[in-house]
Structures are given as structure tokens and as C-alpha cells.
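Protein chains in written order, with the numbering used here: chain A, 1 to 414; chain B, 1 to 414; chain C, 1 to 414; chain D, 1 to 414.
Don't take each hint at face value.
Any copy, or any two copies together, can satisfy a pair, since identical chains are not distinguished.
Unchecked claim - Computed cross-link-like contacts, DMTMM-like style, restricted to lysine to aspartate or glutamate with a CA-CA straight-line distance of at most 20 Å: (1) Lys292 / Glu83; (2) Lys292 / Glu349; (3) Lys12 / Asp66; (4) Lys12 / Asp61; (5) Lys292 / Asp11; (6) Lys292 / Asp394.
Note that these hints are calculated values from the structure, not bench results.
4 protein chains.
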Amino acid sequence: MPDVVFSVDQDKSMRDQAVPGHNRWHPDIPVVTVVRPGQEFRVECRDWTDAQLHNDDSADDVRDVDLDVTHMLSGPIGVEGAEPGDLLVVDILDLGPTAQTGSAPGQGWGYTGIFARDNGGGFLTEQFPDAYKAVWDFHGQQATSRHLPGVRYTGITHPGLIGTAPSADLLARWNRREQALIDTDPGRVPPYALPPTVSGALAGQATGADAERIAAEGARTVPARENGGNQDIKNLSRGSRIFFPVFVPGAKLSVGDLHFSQGDGEITFCGAIEMGGFIDLHVDLVKDGMAKFGVTTNPLFMPGNVEPRYSEFLSFSGVSVDRDTDTNHYMDATTAYRNACRNAIAYLEAWGYTGEQAYLLLGSAPIEGRISGIVDIPNACCTLYLPTAIFDFDVRPTAAGPVVADRGQCAVTS
Amino acid sequence: MPDVVFSVDQDKSMRDQAVPGHNRWHPDIPVVTVVRPGQEFRVECRDWTDAQLHNDDSADDVRDVDLDVTHMLSGPIGVEGAEPGDLLVVDILDLGPTAQTGSAPGQGWGYTGIFARDNGGGFLTEQFPDAYKAVWDFHGQQATSRHLPGVRYTGITHPGLIGTAPSADLLARWNRREQALIDTDPGRVPPYALPPTVSGALAGQATGADAERIAAEGARTVPARENGGNQDIKNLSRGSRIFFPVFVPGAKLSVGDLHFSQGDGEITFCGAIEMGGFIDLHVDLVKDGMAKFGVTTNPLFMPGNVEPRYSEFLSFSGVSVDRDTDTNHYMDATTAYRNACRNAIAYLEAWGYTGEQAYLLLGSAPIEGRISGIVDIPNACCTLYLPTAIFDFDVRPTAAGPVVADRGQCAVTS
Amino acid sequence: MPDVVFSVDQDKSMRDQAVPGHNRWHPDIPVVTVVRPGQEFRVECRDWTDAQLHNDDSADDVRDVDLDVTHMLSGPIGVEGAEPGDLLVVDILDLGPTAQTGSAPGQGWGYTGIFARDNGGGFLTEQFPDAYKAVWDFHGQQATSRHLPGVRYTGITHPGLIGTAPSADLLARWNRREQALIDTDPGRVPPYALPPTVSGALAGQATGADAERIAAEGARTVPARENGGNQDIKNLSRGSRIFFPVFVPGAKLSVGDLHFSQGDGEITFCGAIEMGGFIDLHVDLVKDGMAKFGVTTNPLFMPGNVEPRYSEFLSFSGVSVDRDTDTNHYMDATTAYRNACRNAIAYLEAWGYTGEQAYLLLGSAPIEGRISGIVDIPNACCTLYLPTAIFDFDVRPTAAGPVVADRGQCAVTS
Amino acid sequence: MPDVVFSVDQDKSMRDQAVPGHNRWHPDIPVVTVVRPGQEFRVECRDWTDAQLHNDDSADDVRDVDLDVTHMLSGPIGVEGAEPGDLLVVDILDLGPTAQTGSAPGQGWGYTGIFARDNGGGFLTEQFPDAYKAVWDFHGQQATSRHLPGVRYTGITHPGLIGTAPSADLLARWNRREQALIDTDPGRVPPYALPPTVSGALAGQATGADAERIAAEGARTVPARENGGNQDIKNLSRGSRIFFPVFVPGAKLSVGDLHFSQGDGEITFCGAIEMGGFIDLHVDLVKDGMAKFGVTTNPLFMPGNVEPRYSEFLSFSGVSVDRDTDTNHYMDATTAYRNACRNAIAYLEAWGYTGEQAYLLLGSAPIEGRISGIVDIPNACCTLYLPTAIFDFDVRPTAAGPVVADRGQCAVTS
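Just chain A, same shape as in the assembly (with noise of 0.2 Å):
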């Protein structure tokens, strides 16, 4: 085991950790530490609403979350010689959840959230306005859930979120063009994106008048962005190597959002199954690398080898047709992807689930969103691979029809 560079007290807030993390993206934010390159190293985290929601049988924690304290992230780690315009090339040597069992989300268990449409919302939010929880128990690499009976999943754990710090520029081109979007329709709900928010921000170790400006100018963790963030790429798990742009000196990596497992895309927003726990990390540099290989705009990664092996899918497809009002969308992967979600729900119910089961089941099950086909106008096609072996029934389809079952339900808001 690697020495532990940040480390978490599961039973206190990130904030009154003794060293803090963060929760905005600025280039000003002090290094909790400093690694050299070809160091090996742990990080411990806590899940990304910084343990809000509990291991109970009730959603309220989920529509009553406090979004602005998300996500919260371990360090930033310094890299001694990182400068920008180099890759910073970061391995996943291990990650997951805490040793301990105990309330927080990690300590034995996880959860998986359908967020209101009123407070955070989802890819299904019109059809799924409310909130909704699964709670899963962890099983050395596999989980199940009281709330989804019938499921059991083998892990692809993987850090939801881990980037490296973007520069003042950066950070000023970010805030501009979220904030031009949003000028397109400020009172939106859900909104189209979020701008920086002083409520709730955490800016680690700057204090007075550091912090008040790191709060004020932060971005926001939720989106992926040029210093990959919240990429929520699902097979970015044990033994994967990134590539990350560097735009500051040192870097500045942070990590957090750690998952049990996920679906591609995460559809509930909150779909993976959330949990604290550690990351262990070894750190490189390939100089001037973002000029060599043209790694400008977005991280490179190579996954690891060691994932679950299935052989068996059920594949929904869809188009970019809104089904609603029958009107055609050009080449929107986006509405295709939705329509593919919706036939999943729509096989899953006619077994017995209900709606809002599978679609927490789509989030987080080790499930595989493709782009089919991109270019024949005016519909892209886009596929969802849901594998058969993590049913403990036969799932496929049958002359003799599904077996309907009552297979209960998740936890519901009071």
C-alpha cells in the first residue's frame, strides 16, 4: 500500500478534514502536496456530496441534496517539474471503497440517485421528475441492492472525476461561454449550466481574502471540460493510464466522485453507485507532450485490462425522433441515446420493474451507450448494451413472453 499523500476522516466533513479538498476548479487553489514523477501514491476521498445521503429506505435525502457543496475532490497534488504544455500521465494503480463499514457512503455501501427535476434532474428528468434512491451493499467486487432485486453487479470502480487544474484563461473562457449559455434561458429548470456559486464552495487550504476570490471565480465540478473533471467514463478503472493536458505549473491534479460501478453516460445523473474510499495513483510527465501528439483540447486514456468479461447483450436501440411530438431532430445522438434509454425502461417494466427501478439500473449497471450511426440524415442511431449475466433470471426475450414478476421497488420521497 502506497503512502497516503491525502487522507479522510470518514466520519467528519471534507471541510473539517485537517487538510481540506475543494470543490470549485481554480488555478489558485494551494497543493496539498507535492509528488515527484514516478511516485507512487494513495488518495483518499470522500463521495461526492460529501456524504448527504444515507443508507436508509427513503429519497428525501436525494431531493432535499445541497448541490452547491458538490463535488467534493481530494487535493490539488502538486508534480514537481509539471509545467503547461506537458502531459501529465496518471496510472490507476487501485481505487475503492473504504476499509471500514460504517454510515458514509463507501463504508460497506453505496447509493444511486434519480435527482428531482427541480433540484440537479437527469437524462430522464420529463419522464422522471422525482427523486428516487437505490441503496446497494457491497460484496467484495460485487454489489446488490434491496431496492433492485434480482441484479448483481461486478464493479468497474473508477473515479467519476479526476482532472488537473486549469489555467486563469482557462478558467475565464469557461466561465464565459457557460455563462453565454445560460443567458439563452436563465430561468431554465433544470438549468443549462451553473455558474460560479459562493454558497457552499470550498477552496482548501486558501483562507480570507484567497478564498472569497476562488469562490466568487471557481468553476463548477459538474461538466467534463478541457482538464477532463467530471467525465464520468465508466471504464476508467483499475489499471488505466490518462494523459492529462497541464495548464499550470505542477499540474494540480484532483480526484473524487469515486464509483462501485456505472452505466455509460451515468443517465440518473446521480446513476453510478456513489462511494468514498481511496485512489492509488503513480504520476509521470511526457514533456511538451501536448504539442507532440496533438492532445490539446480533451485528456487521452488508455483503459486497464481487467474488467468483467460478458458475452451476452440485450441491445436497444433509438433515433433522433422526439417519440412525444413525432418531430425529427438532425443528427442529435443526444435524442437518440434518450430513445434508447426509454426502450430499455420500457423492456425492464414489461418483466415487472417499475419505471424509475430501471432506470436506476441503466445508471448504474456496467451497461455500454454506443454511438451506431452518426451521419445518415437526418437520424443518428444510438445503442444501449445491457448485459443478460448480471440478471439472476433468464432476461431475453422469449415466444412465451417475459416473466412478469413483482420485483418491489426503490426508495421513494415521503
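Place chains B, C and D on chain A using the hints.
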């Protein structure tokens, strides 16, 4: 080898076959034969352009292709007992290029094209407005191209286009909603969609007024729709089972646009390695299956279990920001995947490929296109997985930088 | 399709072909053609028995088969420039059954046989001394058998037998060491080895005294030896590359005994799904490769990357104890694997298969036979991995016990 | 993390633990705890030698190891309700090295040993009669060795040894049949088998006369037998489910000999990367399962679905001919696999590894050992699949010949 129920002489156009096929979707195209549930049969196919492209080093044929005659399909094949509301179960037993070598695509060779912005376009048509071509030689299950030295793919052969006939009502919906989209910008180049087009229409064995009506009303074959159609799903290969909605008595199954290999998205529009050849099918029915399984808007399928096994990938990500203008689009997976593609092209250019070579490569190679994050406002995040084993040199990033070499050029226009 | 350099009329015996093949290994069998390094070419093959077995429901043909005429090989093919000490690089581009249906094995069907103890024997010949047969129907890449209901395999097609010609010295060594083994128990049934046998010998295009000498001296084709030969490696499928030692000028490559599918060990002796058909090859040379790479006693190969993808297995283990007498053998992997096979048969019998059906299934299905422990004195431990997905019922153990059903019977002798 | 039911202080020998384990198989060793069907629990383990080997550069510890104290097991664990004739279902939920770094194997490092011919031996002990060692450093799921530069494995972690207690009758059979084998050549070095040995015996919590009797009668742990035991199955990793025969009331499950990685056969005898650590298990029962499923002589198991994904292999074959004397052995898979191993070693020597380095590599790397042909008289054919991706250089054969380099040396004896 099962009985041939639709045979093709590759020396003749589809129009001149003893029993011609069709290139429009319409419920009234007469069936060429009727098969029973449980039957296995072979269908022979022309390539999608009806052999307008040649095994040479000029892309003039791509530039000048007549798209009104595409996609040339074999069928429709009636299935005994199939009624609207059923699911037609189609197993792909085998498929491949023609047995004989010759001058038609599929006769020992195939092609990939970048279509010109003015005649077809493609996913990156703004970046690549001109026509290009790569010709591939088949070596059993693998293909190489003199226009793309350094790569060799094992083909995941599949039909780009397979589907059932629409009902008259469904056809009318297609025509209405696509015309509505066209009407939003009628002069756009490339167009938003293609309306029914009498020029070039082929209505199978229909004649006289019937043929004229089919030409006037028949939906173009280019997009994927409720009936399957041009889904361009690269994994719909040997061993796959598809469950098609049935909209008309007899189901009326048609198939064509065979691909030797394709990447997710088929991004150059004619991105697959295109070929004529044969496909062996087995059919069955799930009576009333659409309602039983909730499969009402698109086919469901189960991919086969025989695919090239790759274990190492370079993964490029992109987010939904227009890079040229730094404009943020909201949860736009199409833009995100476009950026992932551009990032992959930039990477390959760093090794000496031209941009158009890289673009052709990404269309035809067995890349995976994933919707990784679709909920983290405002940025969708898509990823493109490029298998490293298709290259005959080590294409992974190293501290030493890429090995730049003269990697030739694809076919260009005169 | 590459040029055919060895053609076979499946309506005629190998002996009656325009250019006959051979069924003995000898350096003096004349080449049928000479190919150059870099060339691709097709070879057509009879099944290994030269079509002595039939598509019927009796195993009399297995019981009465004339083994003196086996294995019928196509070739030898000379390779320009190949000299002793080189490595001959052979790529398997494609292979499969014949295109036409008919009465010869490979013409739409194949067979698996349990050979009688008195005529061929097999791995479990003491337990199964009589002849049995299963006939398989091909459905594209898959096969089913009326004699083995409930299973369906995707074929890992491969040549059971492929090799280069021995030098005169090497041939003499083979004959000497195998005769020495026979001499330890000359009357054994089945015999320890087969000496050169004039009866049934076919020496290709050799005639007169040459043919007589070849028949008198030529090594039987049944075992694997330094030249490759009857290795029966189930993964030597499409996409594989083999590096053969070259022992004579021109290498003299021969091939035959095509298999639609086989399990590791081919345990019933004729355990594969046997067929005639075609194989497409590409050849090249590594000059002086035997010394360069230390490949002096057996071929080296690299399996292809296209195989059925299975993810769940039942694994049976066995140790090197004779179960019938409770006698311990020292590190005897053969005994250990025999026990693993018997354990698998007992398991399948619990579900309703007859022992001979189970034995036929394990010979032909894509099982893996592993040497798990070979150092833990005194017991070797071998394991047999049976993929569960080849069954159309759930074959996994449950607390409820196996579902016993009438699963028919294979072909038996009259 | 489940409750620990058997804990180990890695600073103390197994003999000095608060609750000691055992190193002999005997029905009368008292259970350390009783678990119920459905329970999940953690067991901590010493490495198999009880930490006799060290993280240094000398193989003297291997040469001088006391094998009378091996294999140190944790347990036995009683299972409520288990009766003879049942199948004990054991799920491996997780396993790994210890969390802390330190001087005991498993504390951040492990080792592979070639045992001396005079003290343990191994599969190629005639070729490698002296002791050697390689020490491995763990990096999350991967390991590297200063003694084997150029390779890096992802561990398929597994218990080398896990099994249920024999009944008194079964134990008597073991002792009888193994003594009979020893008696065929009592002075053989290495011996054919190991009889019960009082020296070094540890009988768990048994004391006095009980302990003496157990030491005098208890079977040595080295071989695999009907109860499972030292099967050394490299794929018995996380996610595996094992069905053990139950021979005594309570089943009495014991486990130890954890491996970070191992190749099929574990050919150097101590061929795995050996470590202490933990294993998390879940147990259940199939009442009367031995008769129901015909699982009477050895455990049945289902491997997990999470393993390193390799797609390219070098495959070495061997046949059952003694190469040194050119003597033919009849269907001898052990000899065939030995030749395959020697062929692989010769190949690696051509690249600059020493023979002993190559031998250590083949013991510990995730190679596959296959019984390819076991019926083609007189030669068994075995194959060894070596994944190419574990090397950091291109190890495939080319026309240019191997790249010879100084690849260091493993630890040798003084």
C-alpha cells in the same frame, strides 16, 4: 449453404437483375419470395451504390456518385404468418463478400469514401469538404489498403441496412416529420433530410402506376427509423439475433449495404468498408411480441459472440463545446463525439497520416464510440476507443514522442 | 478469393482426384505446386477419412472405418526459397466447409465419432469401448446435432493437421522411436503406435518404385511430431500465424483434417466435428529462423483474435489417481485430465444425457483442457472448462438439483 | 469489509498466533469458528512457508527452506448444517495482499522460487537443479520484479490451496495409496510423495494426544486431492464459485497459499507470486449435492468473470517424446507439457533472459497450459500460451531475429 432466395449477378446493375431489388421503403413493393418461420436462406446483395465506385486511385467516382439510386436493397422477403404487432426474429448465420474476384465491390475488395460536402457530406464535412477514397484488399477475414499503410483490420462484417417494411401510416409519419425538418432550412448543404425522390427510384417488381406511386411516396433509405433500416450498427455481425417490429402482413424484410468493417458512427458517411456479397438468415416469429416486450419503436437485437478480441485501446474524449467558436452546447452528444473524432485525427496526424487518411481510418476501423457522460450540465462527454493492435507500429504515447513517417495518401479527386 | 492451388472434387476419393494428395509423411512425395513467399492461395481438402462416414443414424461406419487410409492430406506445397533451418510462416486467412451441400462430410454437415476400442480407440476407450456417432448440421458459423439436442456451438474452425515434410533423418528417427514403443507391448489393443503401413498408403503423384518406397517408409499421420502434423490445436483458427521448422528444401507444406469445432484434447479420438472444405493460406519465411529463435523441435504459433467469446464456465478438476483401483500415479497429467473428463461426463449424465452423448459433446464443444497443477507431488491436477452458453437450458448447479430430461441418444452400432 | 473470523498477525509465525492454523489435513483438527450458510466473512493468511522467504537478492532461503512446515493454512472453519454428501458452495468475494507494507511476504511484495532438486524440486528439476528466486513489488493490481526486468503482470489473485477436511476413511485411503507410490522407489530424489511427517506439524488448536495423533496421521498438504486442497488453479480468482464435496460434519473449510499471480502448472513448484493476505468468502450449501450432481471425487468450480484481458499470445507446443533420449512415451501429457515449457524457455533465452529467469517467468506469469491433443497415438500434444502484452518490448518473431539484450539475472544461491 442454404438456398438462395434472392440472387444477384454482380456484372449487372440491380435494375437489370432477373428479379430486381429496391431502393425505397414502401409497403406496396411486392415480395420476391415467401419464407416460413424456421427457414434458413441466403440473400445476395449489391454494394449500396450499385457498383458506382471502382478499384482505382481516384476519388472522382466518390465526388460524382449518384445518391438517388442508393441504397440498393435485396428483397422484400415475405415471412409466412407475420402480422402487424409481431416481432420478426432474424438470426444472421453468416455473411461475407462474393466468392469470385472481379470489378464490383465485394469481389475481393471494398472501399471507404469521404463524401464531398456538396454530394452527401459526412460527420466532419466542415473540416473535410472534398471527396477522398481508400480501397481495401480482402485477405480472408482481414483487410489492408494501399491508401492506408500500416493498418490491418479483422472485419466485423455486418449489414449496414436491414429492416421491415413500414405500414402506410408509418410511412406517412416519416414523410411528414422529415419534410418538416427540411422546411426549417430548405437550401441547406448538405440537406437536413432527403424527401421522396422519383429520380433513380427502383420499386422492385412493381410496374406501371404502382411503381410510379412507390417512387413518389417511398421513403429514402438513408436514415435509421422505427423499422431498423440503415442503423449502421457495427456489431450486427454473424451470430446476431434481431427482433424487428412487424408493421405489414408478411413483415417484408429487406437487406443490403453490406460492410466488411466499420467503426461506431461510420463517420465519413461512407465510412465502412463497403461491399456486395451474401448474407445467410434464419427467421422466426414472436406473435404479438411488440406489446409483450414493449418493443414498439425500434428493433431490439442481441449481438453475436464472435468478434475480434482487442485488449488495448487509445481513448479520445470530447465535450459539447464548439471548438472553433468556443461556444457551449447543452448536453450535445453529437458535438462531443465530433470533438472526440477530431482529437483522434489530430493524434494520428502527429504520426504522419494526413487528416483525410485518419478520417477514413476512423470510419472503417473497429473503433467504439461511447456516450460516456450525458448528465453533467452543460457538457456531454463522448469517447472514441481506437484499438492499438490494428497498427503494425507501436502507436502508444511515449516520452520520446511519436515516430513521424511518410504514410502515403489516400485517393484524391482530379 | 485467392487462387486454388490444390482442388478437390468432393464426389471422388482423394486417390481419384486429378492431382491426388497423400496420407503418409515422407520427404520424397513430389510437390503439387510451388508458391512464393508473400503469396496467398487456397487449398481444398477432403475430410480425414476420405468420406468413409455418412450423414445417417448408424455408427456402423465408425465401427468399420479403414484407418489405413487416414489422414487424407492436400499437398505437399513447395515454398520458393525455403531451406532447412528456416521458419516457414503460415497465416490462416480463412477456412470453412465446402460451399455446396451434399453427401460428403463438409457439405453442409459434419460428424463426431467415438471409435471402438478395437479400431482406433480414444481417451476413455476403457469406459466407452463401442462405436458411436453424432452428425452435425451447419448453420453459418454454428452447428447443431439431432444426436445431441440442447446444444449449439459456434465453430472455432481449424485444420487438425498441418505440417512440413520431415527430412529423411527425422523420418528415420520417428520410425525408430515409435517402433521401440510398439515393441514394449506389440499386441496391445489399441496399439501404442502405428508403424509404416503399405495398405491404404497414398503417395501423391509418386509412382512405381518411389510410391512403393514411400508407402513402406512413410510415417503415419496420426500423431503430432516435430513438423507439427496432427496437433489438433482447437485455437489454430482464422487469423492464426504458425512458424514451422523447415526440414527439407521447399518446406513441403501439407494440410487436412479440417474441423468445424473441437474441444481441447479431441477426447473421443474423432472428437472434432469433422469436415472437408477449404483453407486459405499466406506464406512467408524467416531465414535461419530455427536457430535465431530457438524453435527447433516443434512449431510456434500465434492464435487469431477471432473466437467465440464465452464468459461463464463449469470447471471440472481431476487428479492423477486411478479411480477404479485407487492407485496413485506420479504427476500424470494424462490421468488427471481423464478424471476431469469423467467428472464432466458424470455431471452431464445427471441432467439426462447418456454417457456416450456427454463424451461426444466434450470432444466437439469448445471446452478448454488445462494443466492446472503439475508440481504438487504426487498429484497432477487438470481442469476442463465447459462453457455454459452452449446449452439451451440452464446447466449450472442449484440447490434444487439438476433438471433431468430425456435428451435422446446418439447414433449407435447395429 | 466482512467480519474477520480468522486473523493473523504477520509479525508472528502461524504457530504463535492467538488462534493458530494448521498444516496437515485431518478430520479431528478443531474448528476455529462456525459460520452459517449465507454468511460473508474474512480469513487472513500467512504465505505458504510461514514467512521463511525474504525480500532480498539471495536464493539461500529457497535452498534451505523447511518444507515440513508447509503449507500453513487458516481454519478449519465449520459450516452450520453441513453434512457428508452435501456440496459446500464457496464464493470468493475478494482477496489480496495485506494492507500494510513490511517484511513478511504479502506486505507490498511477494516471491517466486525455483526449488532445488534436493529440497522440493519442480517440473524441470532435471534441467534446473539449483535454487533461484525472484522478488516482486506490488503496484495495485500489477507486479514487477527487479529480478525479471521487462515484464509487468496484472495479478489473477487466487488461493493456491482451499479445501474441506477429509473423513477418516478418505484420509486412510490417501495415506495408503500415496505410501504405495513411495514404496515403488523409496529413495527417489525428489520423492514420489510425502508421507505424514511429525516434524513441523501444526494441528491448530488441538493439544496433547490429539495433536500427536494428528501429526502422525495427517496428510501432507502438497497435492490436490478429492477435497480440493492444493489445486493451484490460477483462475480461482475473485468472483469464482466452488462446489466442494463435504466429507465430515461441518465441512471444515481451510484456505491458504495465496497467490498474486500464477501460470497454469505453477511449473517451478513455488511458481506463483507467493504472498500472505486476506480472502473474503461467502458460503452456502447444496444438500445432498454430491449425489444430485454426480460431484463425488473432486470439487467443481465456476471461474469469475474478472480477469486480465489478453488478446495476443505466443503458443509453444510439445509432444510426448523425451528429447534428451529421443524416447517415445505413450500419450504422456506431462512430458508433452514439459517440452512445451522447454520450448518457451529456449525462445526467451534467444532474447537474453537466462534459463532460470525464463523458468521463473513461466511459473508466475498468466500463461495458459493446454492439453491440445490427447488421442493421437502415440503423442500427446500440449501447448503453452504466453501473453505478449506482459512484456515491455515486442517479443514476437520477425524476419530480423530477436533483439538480444542484457536482461539481468534472478537471485541465486551463495
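A quick look at each hint next to the structure:
{"no.": "1", "hint": "Lys292 / Glu83", "in the structure": "within (14 Å within a copy, 46 Å between copies)"}
{"no.": "2", "hint": "Lys292 / Glu349", "in the structure": "between (51 Å within a copy, 10 Å between copies)"}
{"no.": "3", "hint": "Lys12 / Asp66", "in the structure": "within (17 Å within a copy, 49 Å between copies)"}
{"no.": "4", "hint": "Lys12 / Asp61", "in the structure": "within (18 Å within a copy, 47 Å between copies)"}
{"no.": "5", "hint": "Lys292 / Asp11", "in the structure": "neither (45 Å within a copy, 49 Å between copies)"}
{"no.": "6", "hint": "Lys292 / Asp394", "in the structure": "between (50 Å within a copy, 16 Å between copies)"}
When held up to the earlier numbered hints, the structure conflicts with hint 5 and nothing else.
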